[in-house]
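The primary structure of each chain is shown beneath.
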Amino acid sequence: MMERTLMRRLTAGLVPAVPYLWLGVLFLVPFLIVLKISLSDPAVAQPPYKPVFEWSDIAGFFGALDFENFILLVEDDLYFRATLSSVRIAAVSTLLLLLVGFPIAYGMARAPERYRALLVAAIILPFWTSFLIRIYAWVAILKPEGLLTQVLMAVGLISEPLDILNTETAVYIGIVYAYLPFMVLPLYATLEKMDDTLLEAALDLGSTPWRSFWTITVPLAMPGIIAGSLLCFIPAVGEFVIPDLLGGSETLMIGRQLWSEFFSNRDWPLASAVAILLLIILVVPIVIYRDVEARRVEARP
Amino acid sequence: MNRRLSAFNVTSLVIGFAFLYLPILLLVLYSFNASRLVTVWGGFSTQWYGALFRNEALMEAAWVTLRVAFLSATLATVLGTLAALALTRYGRFPGRTLFTGMVYAPMVMPEVITGLSLLLFFVAVDFDRGFWTITLAHTTLTMCFVTVVVQSRLMTFDRSLEEAAMDLGAPPLRTFFSVTLPLIAPSIVAGFLLAFTLSMDDLVIASFNAGPGATTLPIKIYSAVRLGLSPEVNAASAILIGIVTLGVISATLLSKRSILSSRRNAH
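Line by line, the protein sequences are chains X and Y. Each residue of the first sequence is one higher than the last, beginning at -18 in the numbering used here. Each residue of the second sequence is one higher than the last, beginning at 13 in the numbering used here.
Source of the hints: derived by calculation from the structure; they are not laboratory data. The model shown is predicted, which means the values in this text are computed figures rather than measured ones. It cannot be assumed that every hint is accurate.
Using C-beta positions, here's what the derived DEER-type ranges look like [to be verified]:
{"id": "1", "chain 1": "X", "residue 1": "200", "chain 2": "Y", "residue 2": "193", "range": "34 to 44 Å"}
{"id": "2", "chain 1": "Y", "residue 1": "26", "chain 2": "X", "residue 2": "49", "range": "51 to 61 Å"}
{"id": "3", "chain 1": "Y", "residue 1": "164", "chain 2": "X", "residue 2": "148", "range": "39 to 49 Å"}
{"id": "4", "chain 1": "Y", "residue 1": "58", "chain 2": "X", "residue 2": "59", "range": "25 to 35 Å"}
{"id": "5", "chain 1": "Y", "residue 1": "164", "chain 2": "X", "residue 2": "195", "range": "24 to 34 Å"}
{"id": "6", "chain 1": "X", "residue 1": "177", "chain 2": "Y", "residue 2": "26", "range": "17 to 27 Å"}
{"id": "7", "chain 1": "X", "residue 1": "105", "chain 2": "Y", "residue 2": "109", "range": "26 to 36 Å"}
{"id": "8", "chain 1": "X", "residue 1": "55", "chain 2": "Y", "residue 2": "71", "range": "39 to 49 Å"}
{"id": "9", "chain 1": "X", "residue 1": "69", "chain 2": "Y", "residue 2": "17", "range": "45 to 55 Å"}
{"id": "10", "chain 1": "Y", "residue 1": "71", "chain 2": "X", "residue 2": "133", "range": "31 to 41 Å"}
{"id": "11", "chain 1": "X", "residue 1": "269", "chain 2": "Y", "residue 2": "62", "range": "49 to 59 Å"}
{"id": "12", "chain 1": "Y", "residue 1": "140", "chain 2": "X", "residue 2": "2", "range": "19 to 29 Å"}
Note that the Cβ used here is the ideal one computed from N, Cα and C, for glycine as well.
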């Protein structure tokens, strides 16, 4: 019997410890390193930054840290504009996703029960195909001589080729397209559970459909709206692939800025400082998301 | 339940699904285009598929991608299942809040941050960039998705079966392998498939952590796309889409059959 309690103690300790340790070493420690390097100076070397940590010299360690990179971020208004425009593009995209995703999720929730599982699978299927490939598909559609122009000109809606590729409009289309399942699925999950008798009661009492939509459906769908919006907004702020392939050179986004500081300018400390900046913007939404998600999973019966 | 589809519901479903599927269908269609111009139809041809298989650099990258995906998905499945068990079965342990944070954050964290931080970590510990750095990076990202998938299954299934086994004297490990594991197996398989696809798909994290020795398919596709549209990329994409579609359809059929048979047994 002694042996068994010992065994139980051991598994109770080991089961959390292994993944905990993994995430600690490969998720938490790397963040601390980013923070450290964002405070050091670039060097023309491999790796291209000056190490600022010497175990023997704690005072020297703090002396060598400086906020030069962050001062640069504040002084050069490029980063300020990139931050603003990332947040703006992500916020507008999230609104567009709500507008596009809500009618789809609502239609799915009202479909006959035997079709619902199929509809959910059909929403998820594109998500399993490569993100990069799905964005690439839009390049051929949005090009000035591309398929959208060909169709619209054949129908006679436009006489000039559309010039959408390499604009912010193309970035919005790309984000809405790529993130749509992340918006639709949480919305569907809440709408599907909704009690229809509430809507019927409201109609019986003389409410207009529009009014019952805003006073009953929307408040009841709020958990889904919040989860879907965060699930889209947070990664969209740091998006790199979509603005890079569909946006023009004037489409400023912070994820793209980080990429070019790292790969083109090879300024690792500055890239780290940009990463910290991006993290500061996102820390509040990420914490809210974690709480919403933990509560959602743990609230299950 | 008495629900009716209005004309508005049907229209939004039709437009919504057309929007999701048309771009992918067009991409596949134009992979059979005889013309080098990706947007002008020049007749049916399978020449780009031939060109693809003769492209050794691309084939090499595809092989690396598959190996990374398999290895990282396997590691992620083990770690993610352990993490899910920790969260549901070993409720209170010190640092639980930090742990849930580390599980949920990587899923929404912009990939540029995860990629950069892992790279700086590998440089700091003097670990050569290549196959292993991509594998470790992908494991870290995808284990969180496995955790969530397995956790939601662990939350919903009937604990009394486990308790019965324990009461009858089965030790914890035996209970786990003969009762818990078979019950959560479908979610573990789903988690593995999700991890595999995410790894095969990733461009950003792989770009930061790739070394001169190991390039993945998304990195190759990305650099080809930056130079302009190429029918070979269409062909490669069409093959990937075909594999994924077949995989998802067979997984759906398998799970449907297991649901049907378990229902039949229950009656």
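Hint check results:
Our hint of 34 to 44 Å for residue 200/X and residue 193/Y holds, since their Cβ atoms are close to 41 Å apart. Range check, residue 26/Y to residue 49/X: about 56 Å between beta-carbon atoms, so the 51 to 61 Å window is met. At roughly 40 Å, the beta carbons of residue 164/Y and residue 148/X sit within the given window of 39 to 49 Å. Take residue 58/Y and residue 59/X: their Cβ atoms lie about 47 Å apart, and the range 25 to 35 Å is violated.
A C-beta distance of roughly 31 Å is found between residue 164/Y and residue 195/X, which places it inside the suggested range of 24 to 34 Å. Separation of residue 177/X from residue 26/Y is about 23 Å and conforms to the stated range, judged on CB atoms against 17 to 27 Å. Checked against the hint of 26 to 36 Å, the C-beta distance between residue 105/X and residue 109/Y comes to roughly 31 Å, which is consistent with it. Distance hint for residue 55/X and residue 71/Y: a CB-CB separation of about 48 Å, consistent with the stated range 39 to 49 Å.
Checked against the given bound of 45 to 55 Å, the beta carbons of residue 69/X and residue 17/Y, roughly 36 Å apart, lie outside it. Taking 31 to 41 Å as the suggested C-beta distance range, the pair residue 71/Y and residue 133/X conforms, at roughly 39 Å. Distance hint check: the CB atoms of residue 269/X and residue 62/Y are about 51 Å apart, consistent with the given range 49 to 59 Å. The hinted range of 19 to 29 Å is satisfied by residue 140/Y and residue 2/X, whose Cβ atoms lie roughly 23 Å apart.
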